[in-house]
Every structure is written in structure tokens, then in C-alpha cells.
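Trainee: Respectively, the protein sequence lines represent chains A and B. This note's numbering numbers the first residue of the first sequence as 896 and each following residue consecutively. This note's numbering numbers the first residue of the second sequence as 896 and each following residue consecutively.
Simulated from the structure, these hints should not be mistaken for lab results. Keep in mind that this is a model prediction, so the values were computed, not measured. Check the hints yourself; a few may be wrong.
Claimed, not checked - Each computed DMTMM-like pair below joins lysine to aspartate or glutamate, with the alpha-carbon atoms no more than 25 Å apart:
no.	chain 1	residue 1	chain 2	residue 2
1	A	LYS1079	B	ASP961
2	B	LYS1079	A	ASP1015
3	A	LYS1005	B	GLU1082
4	B	LYS1079	A	GLU1130
5	B	LYS1079	A	ASP906
6	A	LYS971	A	ASP924
7	B	LYS971	B	GLU910
8	A	LYS950	A	ASP906
9	A	LYS950	A	GLU1206
10	A	LYS1005	A	GLU1142
11	A	LYS1079	B	ASP906
12	A	LYS950	A	GLU933
13	B	LYS950	B	GLU987
14	B	LYS1079	A	GLU1040
15	B	LYS1079	A	ASP961
16	A	LYS1079	B	GLU910
17	B	LYS1079	A	GLU962
2 protein chains.
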Amino acid sequence: MRIAVDAMGGDHVPEHPVNGAILAARELDVEVVLVGDEAVLRSHLTRAGSPAGIKIVHAEQVIAMDESPATAMRGKRRSSIHVGARLLRDGEVQGFVSAGNTGAVMAVVKVIVGSIPGVDRPALAVVLPTETGRAVVVDAGANIEPKSRQLVQFAVMGQHFAREILGVERPRVGLLSIGEEAGKGNELIRTAHGMLSEAPLDFIGNVEAGDLYGGRADVVVCDGFTGNILLKASESVVEMLRALLREEFSRTWGGRIGAVLARGAFRRLRQRVDYEELGGAPLLGVRGLAVICHGRSSPRALRNGVRVAMEYAAHDVSQRIEEALATLRPVARAPDGDPTDTRA
Amino acid sequence: MRIAVDAMGGDHVPEHPVNGAILAARELDVEVVLVGDEAVLRSHLTRAGSPAGIKIVHAEQVIAMDESPATAMRGKRRSSIHVGARLLRDGEVQGFVSAGNTGAVMAVVKVIVGSIPGVDRPALAVVLPTETGRAVVVDAGANIEPKSRQLVQFAVMGQHFAREILGVERPRVGLLSIGEEAGKGNELIRTAHGMLSEAPLDFIGNVEAGDLYGGRADVVVCDGFTGNILLKASESVVEMLRALLREEFSRTWGGRIGAVLARGAFRRLRQRVDYEELGGAPLLGVRGLAVICHGRSSPRALRNGVRVAMEYAAHDVSQRIEEALATLRPVARAPDGDPTDTRA
């Protein structure tokens, strides 16, 4: 299997993508294609002892982290993101991993690789740890103001992701809202609730944010605005608790000794909740998989992004999603050939 | 000062409200008025040794936790919530604390006590711990689909709350969104951003959920749907981490001993982040203060609700809000006398 890695995307380039690629090539059964400035990448790889299993594909432009996605998409057609997306479209690689400008990756991949028939717009999936295992949130930020029918598409995509990647045979799909009763939530949620009830899913109704980490649902469906707030708030709480705990532990001798003795516990906890281990956010709904990682991704986080892309390709999740969407009632599918259709 | 406590609202009634009232009367300079079934309350108080500083006002009806707020409001005019709200309206008490049906408390208080001129609808404020202190989120769940001008009202109310209750002289007001740039977010947020920029506030622009717990803003403005998701997700993360940490600590001897030695650190951390200590959610924008507590509130949480109500009344926050709203540009104020007005 071959996975492309954007060597020019992220806060630490090309070091973190290069080192992530080296980790992936060493630890996983994969050939990694690094996309970026060939001369720069060549010299980095040479210094690292020219590790096996890594190829370079040249891209002469770089899209900056703060560049406008729309402008970058049109103005930088030879960027590492564009080149990586073309490799994906042409079947040269089975997945593309980038820690670059999220908006640009989404826009470029959507246009170059194309959406799965029946999908209005791709959606970001983020896997969360729960008390009992893992859950996937769709959409985590790609679609700020989606229509109700798109939430149904998110649900179908999330269902197949949970089945193939999280290994849940019958994923329970929940709609994120502020109360469990069907009438609770805003207009988007109320309409989507009705449509989800009729879709071929194990729909368990509304779930509250308070139930999320308890593991009530395997798939949590929401609009991208809410999903983004949910995930960023969660990360922020974890960081705050870590800072406060460190502060409190350091205040007494007992705390300091306790912290040392409990080091293993803290390390295992970190492995269970850290974004690094979760391998980035797959962009569901395109033909082929792009995995979008945090800008600040470590080499290990990028390596895990490659792992997720491999699993996704191996289970042919895109194909599963396409088949499932074909069976949806027309109202929940993206209209064929008429992107201006405004139903639901 | 006199504060009413709803003795019939919450998951553990009347025990928790009664014991919360006893704690408040003992530890704070306040007279507590318990509202509920007089015979039942009398017998509880007698068993507790008839503590000083507690009065009973009879209310013969109880609104259940899962009752429809609209139905309960009209159908149970002699409920403890109605009676408490009337005490507040008539100036018999300076605040009303309830752990009862949140929707019913909001609806009844709004109708009986009335909104401050210039406020479309009251909003819930929730105080959060941050790495550097505290911040207040408005709205935490009262208004699911507010208009942009209401977000400006939330900001003004939050500003005065932060100044008087959190003790921040010049509160920094942030608008919760998914990116810092002015154009980021949904339509509601984009419109509100413009209006907030022109309001007499220390508006620092959009803040992301990831900045929240770092303490970037003292007042975080959002719609009630997003606010509810944000807060419930945060609580849920804390609970998950607690469960996972307990599990990991118990796996090794080092972890178990470490946990014992670090007990003090954990206890102090809990005091900093627990909802119990934060004293419930004040309903801002009504004439006088209602504090809404978690249904599962402990006696200590209710006691802290009384404390917040006392501080609010002592600083005359409602009056400050009314004065500030009078200076707002008409577009951001609630229209006088015409509740069907749909501007902004």
C-alpha cells in the first residue's frame, strides 16, 4: 500500500512530516510518498540515513497555514496539497495525510479528487476516546451551516467508519442535541431527527454532550460549527486539567512523590486521550481518503495518520459509503447533477 | 438579606434543598426562605433541631423535573417555583435559588418577575474555571436560536456579571466561534461580530473553544444551543478523565500509593473545577435574580447558589445591566413594547 504525506504542511516542516514518514515506513507495512520540495526533502532523508520505503514526489509551491483556502486553491496549483490530491485521484496512492491548512486541504481534495455520488460535501470525522472505547464525531468542522439532509449523509458515513475502522458491528448513531426528546434542539436538529429516524441506521435519537464521553453512541452526528466547538472545548479541558493537576501536585511533598509513583498511570491515560494516538481527522465522502492532522502534529501523530489512511483503504470504506448512499431515500442524497438544489 | 430556596426542586427533595438552606443560614449572613409543602418542611427542620435563620413559605404544588415547562407554567400556579418567583417579584426576597426543572424556572421567573427593559429574553450564565481564574459563559442554554442583537444583550449582561461577581474591572468579552478572524463562524456569529464591535464593551473579537479554558476572555458569548453543548461536553470530559485516572491508578502498586499521597492535590483540583463550588447558573436579564442549580445538586451546591444570589443582589447587578442596556444603540436593544419585532 502507498500513502502520500504532505511534507510542507504543518507548524514544523519539513521535520515532523519527514520524521513521521520515517516512523511509518519503519513500523507499518507501507510505502510513504513525501510530497514537497525535492531538494530539501532529499537532504533531510540523506541525513536520516536514506531510510527504506520512502519516495519523494516534487511540489514546488507551499500553501501557508493562514492562507485563504479559496485563494490558495486557485492560485497555487503546484502546491504540495494539490500534488498530493492528484496522486490520490490518479490511484498512485491510496491515501493522503496532511497537517497543513485544513480549509485548503478540504477544498483542494474535494475539487481534485471529487465527492462520492450522493454526498453534498465531505465531512471531517474525529475519533474520541470514551469511558468504554471510542466514538466518531461527524462533522468536526468542514460544514459550518449544513442542511438536514447532509446530517443524514454524515450519519451514513460515520456508520461505515465506525464499523470498518472502530470495529463496531452495529454502530449506534446519535444526533447531538441539548435534550434527549425528539423535539429538543434547533430547527436543523429537529428536521434531521425525522429524517434519521427513517434512514437505514441504528439511530438511537438525540444524545447530549454529557453522554458523549460515557460512550452512549458510536457515531455522533452534528453540524461542523458545533462539532468544532465540542472538540476544541474537550481538548482545552484536558489541557487545563493537566496544568492544574501539575500545579496542585507540585504544592506538597506528598503530591510530588505521588506524581512520580503515578507516572505510569498518567502515561497510559495520555495514550488513551491524546490526539497524537488518534491519527488525525479523516475527510469522509471523497473518493479515496485524505487525513487531516493538527498543524502542531508530532512525527508520531503523523505516523498514526498514515495508519488510519491504511486501515481506511484496506477496508474500502469509500466504496461502502457509496453503496450505502445509493440506497438512501432521494431526499437525503445530494441531488445528482444539480448542486443548486436546495431541498431540506 | 433574604434569599428563597425552592425546597421541592431537584433530584433529592426536600433533603438537599433543606440541608443546603441550613448550611447557608449557618455559614452566610442570610435569612433563607424555604418554599414548599409546609408540613413536610416543618418536620424536616424540627428533626434538624429547628436551625435559626430559616423561614418556610407554603407552596402546595410541585413541578416535576420532566414536566413540560409551558404546561407547568400555566397549570401549576401554586407550585414552589411560582411562589418563589412571586416572592422575588414582590421584593420579599432578593434572590431565588432552584434546582428544579430548568425550563420551568426560566419560563415562570420570566413571566412573573419580568425582564429588564432592553432585554429580549433572559439568558443563563455559567461560571467556568480557567487556568488563570474564572470566565462566564452567556448563554448557557436558555435561548436555542437567538437573534444577533440578543448576543449583544448577552455580552452586556455578562460584562456586568464579570465585573461585579468575578471582580474583573474591565472584562474582556469574546464571541465564541470556530476561528479568530471576523469572518469565521455561522451567519449568527458574523452578524453579531459587527454589532459587538460597535457596542460599548471591551470586545476582543472571536474566541475559539480551545482558548476558553486558557482564560483568554472573561465573558464568552454564544447561543444557548452551543453553550449547552460546550458546558455538558466539558463536564463530561472531566468525568471521563476522573474515571480513567481512577482505573489507571488502581492498576499498579505505585499508582495506588501515588493516588493516596496525591489525595490533597486531587481534592484541591476538584474544588477548582467542580460545579458544586461554582454555585449554579444565574438567569440574567430579569428584575431580581434567579439561580438555577443542577437537578442533582448537593446541599453544598445549593448553599453556594444562595451565596451567588447574595453577591448578585449586594452588587445590584440587575440595576447595572438595566443602565447599560439603556445606552445601547436601538438595534441591539429589545424593542420597547413590541415583542413581535424581528429586527436583526
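Trainee: Evaluate each hint against the coordinates.
Mentor: Cross-check of the supplied hints:
no.: 1; hint: A:LYS1079 x B:ASP961; result: 13 Å, holds
no.: 2; hint: B:LYS1079 x A:ASP1015; result: 21 Å, holds
no.: 3; hint: A:LYS1005 x B:GLU1082; result: 23 Å, holds
no.: 4; hint: B:LYS1079 x A:GLU1130; result: 20 Å, holds
no.: 5; hint: B:LYS1079 x A:ASP906; result: 21 Å, holds
no.: 6; hint: A:LYS971 x A:ASP924; result: 32 Å, violated
no.: 7; hint: B:LYS971 x B:GLU910; result: 22 Å, holds
no.: 8; hint: A:LYS950 x A:ASP906; result: 22 Å, holds
no.: 9; hint: A:LYS950 x A:GLU1206; result: 21 Å, holds
no.: 10; hint: A:LYS1005 x A:GLU1142; result: 45 Å, violated
no.: 11; hint: A:LYS1079 x B:ASP906; result: 21 Å, holds
no.: 12; hint: A:LYS950 x A:GLU933; result: 10 Å, holds
no.: 13; hint: B:LYS950 x B:GLU987; result: 12 Å, holds
no.: 14; hint: B:LYS1079 x A:GLU1040; result: 12 Å, holds
no.: 15; hint: B:LYS1079 x A:ASP961; result: 13 Å, holds
no.: 16; hint: A:LYS1079 x B:GLU910; result: 30 Å, violated
no.: 17; hint: B:LYS1079 x A:GLU962; result: 14 Å, holds
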